[in-house]
Amino acid sequence: MIESRSWPNIGLMPPSITVTVRLFASLREAAGAGEVDLELPAATPVGAVWSHLPAPLAGEDPPEGLRYALNATWTLPGAPLRDGDEVALVLPVSGG
Amino acid sequence: MIESRSWPNIGLMPPSITVTVRLFASLREAAGAGEVDLELPAATPVGAVWSHLPAPLAGEDPPEGLRYALNATWTLPGAPLRDGDEVALVLPVSGG
Amino acid sequence: MIALTADPIALDPLVEAVSDPEHGGLVTFLGTTRRETTLRPVEALVYEAYEELALAELRAIAAEAEARFDARVAIVHRTGRVAVGEPSVAVAASAGHRPAAFAACRHAIDELKRRAPIWKQDVHADGATSWQDGRGVVRPSPDPEHAHEPVR
Amino acid sequence: MIALTADPIALDPLVEAVSDPEHGGLVTFLGTTRRETTLRPVEALVYEAYEELALAELRAIAAEAEARFDARVAIVHRTGRVAVGEPSVAVAASAGHRPAAFAACRHAIDELKRRAPIWKQDVHADGATSWQDGRGVVRPSPDPEHAHEPVR
Numbered sequence: 001m002i003e004s005r006s007w008p009n010i011g012l013m014p015p016s017i018t019v020t021v022r023l024f025a026s027l028r029e030a031a032g033a034g035e036v037d038l039e040l041p042a043a044t045p046v047g048a049v050w051s052h053l054p055a056p057l058a059g060e061d062p063p064e065g066l067r068y069a070l071n072a073t074w075t076l077p078g079a080p081l082r083d084g085d086e087v088a089l090v091l092p093v094s095g096g
Numbered sequence: 097m098i099e100s101r102s103w104p105n106i107g108l109m110p111p112s113i114t115v116t117v118r119l120f121a122s123l124r125e126a127a128g129a130g131e132v133d134l135e136l137p138a139a140t141p142v143g144a145v146w147s148h149l150p151a152p153l154a155g156e157d158p159p160e161g162l163r164y165a166l167n168a169t170w171t172l173p174g175a176p177l178r179d180g181d182e183v184a185l186v187l188p189v190s191g192g
Numbered sequence: 193m194i195a196l197t198a199d200p201i202a203l204d205p206l207v208e209a210v211s212d213p214e215h216g217g218l219v220t221f222l223g224t225t226r227r228e229t230t231l232r233p234v235e236a237l238v239y240e241a242y243e244e245l246a247l248a249e250l251r252a253i254a255a256e257a258e259a260r261f262d263a264r265v266a267i268v269h270r271t272g273r274v275a276v277g278e279p280s281v282a283v284a285a286s287a288g289h290r291p292a293a294f295a296a297c298r299h300a301i302d303e304l305k306r307r308a309p310i311w312k313q314d315v316h317a318d319g320a321t322s323w324q325d326g327r328g329v330v331r332p333s334p335d336p337e338h339a340h341e342p343v344r
Numbered sequence: 345m346i347a348l349t350a351d352p353i354a355l356d357p358l359v360e361a362v363s364d365p366e367h368g369g370l371v372t373f374l375g376t377t378r379r380e381t382t383l384r385p386v387e388a389l390v391y392e393a394y395e396e397l398a399l400a401e402l403r404a405i406a407a408e409a410e411a412r413f414d415a416r417v418a419i420v421h422r423t424g425r426v427a428v429g430e431p432s433v434a435v436a437a438s439a440g441h442r443p444a445a446f447a448a449c450r451h452a453i454d455e456l457k458r459r460a461p462i463w464k465q466d467v468h469a470d471g472a473t474s475w476q477d478g479r480g481v482v483r484p485s486p487d488p489e490h491a492h493e494p495v496r
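Residue numbers (the numbering used here), protein chains in the order written: chain G, 1 to 96; chain V, 97 to 192; chain W, 193 to 344; chain R, 345 to 496.
Here chain G stands alone, though its shape is the one from the complex (with noise of 0.2 angstroms):
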C-alpha cells in the first residue's frame, strides 16, 4: 500500500504550525508575557524552541539546567512538536 501525503501546501518548505510556549519567573518577566504563540516548521524538536523566543531571550543562550515540558508531561529536547502542542520551558527549580 502506497502512502498519499496529504500535506495542504506542496512546496519546499514543510508545513508551518503553530504551538504554545508557556514561560515562567524570570524568563514569564523577560518575555513580558506567560504564553507565547510561536509558528515553527512542523516537528521543530522542542529544544529548538529556546532560539525562537521574543529578545532578549533568544540572543540568549539556554539556561543551564533547562527542561522541557510537552502538554504538561516532562519530555526531552528532541521531542518533535505538532500543531496545537503547547510546550513550557522550565528552569531549576526553587519550591519549597
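What the hints contain is simulated information worked out from the structure, not anything from laboratory work. Computed from a predicted structure; not experimentally measured. Cβ atoms here follow ideal geometry from the backbone N, Cα and C, with glycine treated the same way. Hints should not be assumed to be uniformly reliable.
[Said to hold, decoys possible] Stretch by stretch, here's where chain V covers chain W in the computed footprint (C-beta under 8 angstroms, at least three residues): (1) 240-247; (2) 298-305; (3) 318-325.
[What the hints assert, rightly or not] Just some of the chain W residues that point at chain V, by a computed CB distance under 10 angstroms: (4) His269; (5) Val281; (6) Ala308; (7) Arg331.
Once you've looked at the hints, dock chains V, W and R against the given chain G.
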C-alpha cells in the same frame, strides 16, 4: 580528730529510717497503692527495697529491667537510703 | 513547651512554641496507638507517668536535641485515658534546615520512648486490661479488684 | 490531599487527610523561608507554579512515597506572595510505624524541592526582586518595567 557517733539509739541494730516507695502501673495495682511507706535499716541500698514490698510483690523476683529513682533522679541499686527519701521503682517504660 | 496533659493534644501550640524566624524547617511527630497492638482488639489506652521524673526526662531529652541539632523542641504527652486513634504524644522540632529539624524530632521521640517513665495500659474491648511494663500481668474483665495473673 | 493554594497553610487539614486508625506514626514538615536567605534581607517571597505539571508532579511524589513506605501522604504548597516566617509548604505522612512515617515525609519534601515546577522570587526590603530559577536575574527597585540585569 576522733569522730563521735551521734546515733540516738545505741545498740546492735542500726537506727531505722522511713522511706516512701513510689509504685506505678502494674506494681501500683499489685500493691493497691501508688505510695508505700517502709521502715528500713539506715543505709539500706535502693536495690533492697523490693524485698520489703507488700505481698504479693515481695515474693516475686524483681522484674527484669527494673530501674530506680531516688528523689526524682535516676539512681543505681547500690545507693544508700536516708530517712525521708522517696524511692521509685521504674519498670520498663512504654510511653509514646 | 514540655508538658503532660490529660486533655487531647492540639498540634498548633507545639508548632507555635518552636517557630523561629531563623528556622526554615519544622517537623512534628504525632504518635497514635493503633487499633491492633496485640491479637486482642484495643479500645483505649491509659497512660500513667511518674510525673516529676517524666517531666525532668522530657526536658533533658528536649535540651539534648536542641543542643545537638541547634533546634527548638516541644514535647507533650497524654496521661489518663486516650481513645484509640487519638494521639498520645506530640513532638515538634524546628531548625535552620530540614535535615536538622527531622533529626531533632526523631531523636526526641526515640529517646522519649526509651527513657521517659511513662507506662501504657491496653484496655481491651472485653474490659480486660494489661500494663505494658514488662511484667506481663493481665487483669481480666469484669474488674476483680485484686486479681492479677501472669500470662505466658 | 495534594494542592496549591494562595491562602495560608493550616496543618490540621493535612493531618486529618492522612490520619488512619491503622497508622501509629504521623510526621509533618513545614517549610518556612528564613529572614536571611542571602546577604540582602528578604521581606517576602512570591511563589509561581506551572500549576498543571506541579500538581501532577506532587501527585506522583505522594504516590511514590505511599507505595514505597506503605504510607498516606498529603502535600500543600503556597503560590503568590508569602510573608517571611509563614510556611510555604506543608507535608504530612502517616504510616504504621514511625520510621516509615519519617521516611515518607522526608522523601516527599526532598523530591518536591528537586522536581516540582515551582519557583521562588525573593522580594527584598528595598523592593528589588530576584527569581531563584538559575538565571541570576535581579530586578532593581523601583520597578523599571522591563529592566533586568544579570548579576555576577
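**Asked** Does the interface hint hold: is Ala308 of chain W within less than 10 angstroms of chain V, judged Cβ to Cβ?
**Response** holds, 5 angstroms
**Message:** So, as I understand it, the hint says Val281 of chain W touches chain V; can you test that by seeing if any CB pair is closer than 10 angstroms?
**Reply:** holds, 5 angstroms
**Message:** Tell me if the interface restraint on Arg331 of chain W is satisfied: Cβ within less than 10 angstroms of some Cβ in chain V.
**Reply:** holds, 7 angstroms
**Asked** According to a criterion of three or more residues whose C-beta lies within less than 8 angstroms of a C-beta of chain V, is the region 318-325 of chain W covered?
**Response** Our answer is that it holds, as 3 residues pass the Cβ test (under 8 angstroms) against chain V, meeting three.
**Message:** Given a cut of 10 angstroms on the nearest C-beta pair, is the interface hint for His269 of chain W held or broken against chain V?
**Reply:** holds, 6 angstroms
**Asked** Are three or more residues of the region 298-305 of chain W within 8 angstroms, CB to CB, of chain V?
**Response** holds (count 3)
**Prompt:** Counting residues of the region 240-247 of chain W that have a beta-carbon nearer than 8 angstroms to any beta-carbon of chain V, does the count reach 3?
**Reply:** holds (count 6)
In the structure shown, no violation is registered for any of the earlier numbered hints.
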